[in-house]
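Novice: For reference, the chains in residue letters:
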Amino acid sequence: MRPPSQRSYRRKQEQELELTPMMSLFVGLVPFLLTLAVFTKVTLISLPLPKVAQTEQEIRKVEKEKFYLRVYIIDRKTKNQVRGRPGFVVDSNAFRKGPKFLPLTKEKSYDTTGLNAVMLEVKKKNIKRKNVIIISGKYVGFQDLVRTLDATREILPELAVNNPELLGVELFPDVIMDEAGS
Amino acid sequence: MSRFKSKRRARAQTPQLQITSLLDIMTVLLFFLLKSFGTTPELNISKNLELPKSVSTRPAVYALNIAVSKNEISVDGESIIALQGISKETKRLPQAVFRRDPDLIAPLFELLAKKRSYAAKLAKRDPLIKFKGDCIIQADQDTPFHIIKKVLYTAGQAGYLMLNVATLSTKDI
Numbered sequence: 008m009r010p011p012s013q014r015s016y017r018r019k020q021e022q023e024l025e026l027t028p029m030m031s032l033f034v035g036l037v038p039f040l041l042t043l044a045v046f047t048k049v050t051l052i053s054l055p056l057p058k059v060a061q062t063e064q065e066i067r068k069v070e071k072e073k074f075y076l077r078v079y080i081i082d083r084k085t086k087n088q089v090r091g092r093p094g095f096v097v098d099s100n101a102f103r104k105g106p107k108f109l110p111l112t113k114e115k116s117y118d119t120t121g122l123n124a125v126m127l128e129v130k131k132k133n134i135k136r137k138n139v140i141i142i143s144g145k146y147v148g149f150q151d152l153v154r155t156l157d158a159t160r161e162i163l164p165e166l167a168v169n170n171p172e173l174l175g176v177e178l179f180p181d182v183i184m185d186e187a188g189s
Numbered sequence: 006m007s008r009f010k011s012k013r014r015a016r017a018q019t020p021q022l023q024i025t026s027l028l029d030i031m032t033v034l035l036f037f038l039l040k041s042f043g044t045t046p047e048l049n050i051s052k053n054l055e056l057p058k059s060v061s062t063r064p065a066v067y068a069l070n071i072a073v074s075k076n077e078i079s080v081d082g083e084s085i086i087a088l089q090g091i092s093k094e095t096k097r098l099p100q101a102v103f104r105r106d107p108d109l110i111a112p113l114f115e116l117l118a119k120k121r122s123y124a125a126k127l128a129k130r131d132p133l134i135k136f137k138g139d140c141i142i143q144a145d146q147d148t149p150f151h152i153i154k155k156v157l158y159t160a161g162q163a164g165y166l167m168l169n170v171a172t173l174s175t176k177d178i
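Quick note, the sequences are listed as chains A and B, same order.
Take 8 as the starting number for the first sequence in the working numbering and just add one per residue.
Take 6 as the starting number for the second sequence in the working numbering and just add one per residue.
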């Protein structure tokens, strides 16, 4: 064996991964996915127009229905004969003590969480019912109307904080809308 | 001397591009884009309009678009009526758009009726096309209810019975 001074060492070359084909694949894939990416998701709330009862049987069935649920959205400008203050008024034969009034919150917005809780209370007593009438003030904004629709149609995340199993549970999805005083 | 130089040249390696970090970025970007990948139809949101936010999760469909922006009403991008006023309390439709019925927006009704009869004709010719009366209403979040109500009523009178309201989802994409 040769002494260490005479030994020849081969330099071990580091093996590098060939990443170029992968890069070319990524360069092709990223623009393709960018074109199909959805950054703001547009969703729909369906509001089919209610069918008019035409046959005698249908009319009798409607007349027999004793259940009613009305949500009034009172704005500042529209005259309100119920309370005279803006907020929600919920009226139903499910309540023994008459209509319930939900005033604006401290932030001066409609109390949709409170309305959602009232809707849940009515739903518990009338599980099979699905219809609600929303009577809105003339100057109620579209955002407030959509929040009211959400609160009457399903359990909101704000209400389901302590009971996550309730989140998204259907309340009254069949909505009829009308204008107050019309 | 010349031999020494040539030895040094032979040892010098060609510099290679370090693409590992670039690949890391690409991988992260790829996962992000795969997460936000969507195959549902994208609605063309009209200009000068902020959609209201909702918890609804129903995906968009292809249908006739009625847009109520901050200053006008349009159908599939075609402007029909200019709105008057700026705020929720002052915004209103010009009186000239109402004829006999105080809730029916006449120019909108005429255009919708035209589009409906065209869609019905197409459905008659091609059995694969069905006219279901679907219609999407995109309205600015500050639009007062009395305008929304009139638009809904006019669409219903023109034969569009499956009305949908476009919103921005507040749930995670």
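Be aware that a few hints might be false.
To be verified - For lysine-lysine, the following DSSO-like pairs were computed, each having C-alpha atoms within a straight-line distance of at most 27 Å:
| hint | chain 1 | residue 1 | chain 2 | residue 2 |
| --- | --- | --- | --- | --- |
| 1 | A | Lys-131 | A | Lys-68 |
| 2 | A | Lys-130 | A | Lys-73 |
| 3 | B | Lys-135 | A | Lys-115 |
| 4 | B | Lys-176 | A | Lys-84 |
| 5 | A | Lys-84 | B | Lys-75 |
| 6 | A | Lys-145 | B | Lys-75 |
| 7 | B | Lys-93 | B | Lys-154 |
| 8 | A | Lys-107 | B | Lys-154 |
| 9 | A | Lys-130 | B | Lys-137 |
| 10 | A | Lys-145 | B | Lys-154 |
| 11 | A | Lys-48 | B | Lys-52 |
| 12 | A | Lys-84 | B | Lys-58 |
| 13 | A | Lys-84 | A | Lys-48 |
| 14 | B | Lys-93 | A | Lys-137 |
| 15 | B | Lys-75 | B | Lys-52 |
| 16 | B | Lys-52 | A | Lys-145 |
| 17 | B | Lys-93 | A | Lys-84 |
| 18 | A | Lys-115 | A | Lys-73 |
| 19 | A | Lys-73 | A | Lys-132 |
Keep in mind that the hints were calculated from the coordinates and are not lab data.
Novice: What hints, given by number in increasing order, does this structure fail?
Specialist: Per hint list: 3, 4, 9, 13, 14 and 18 violated.
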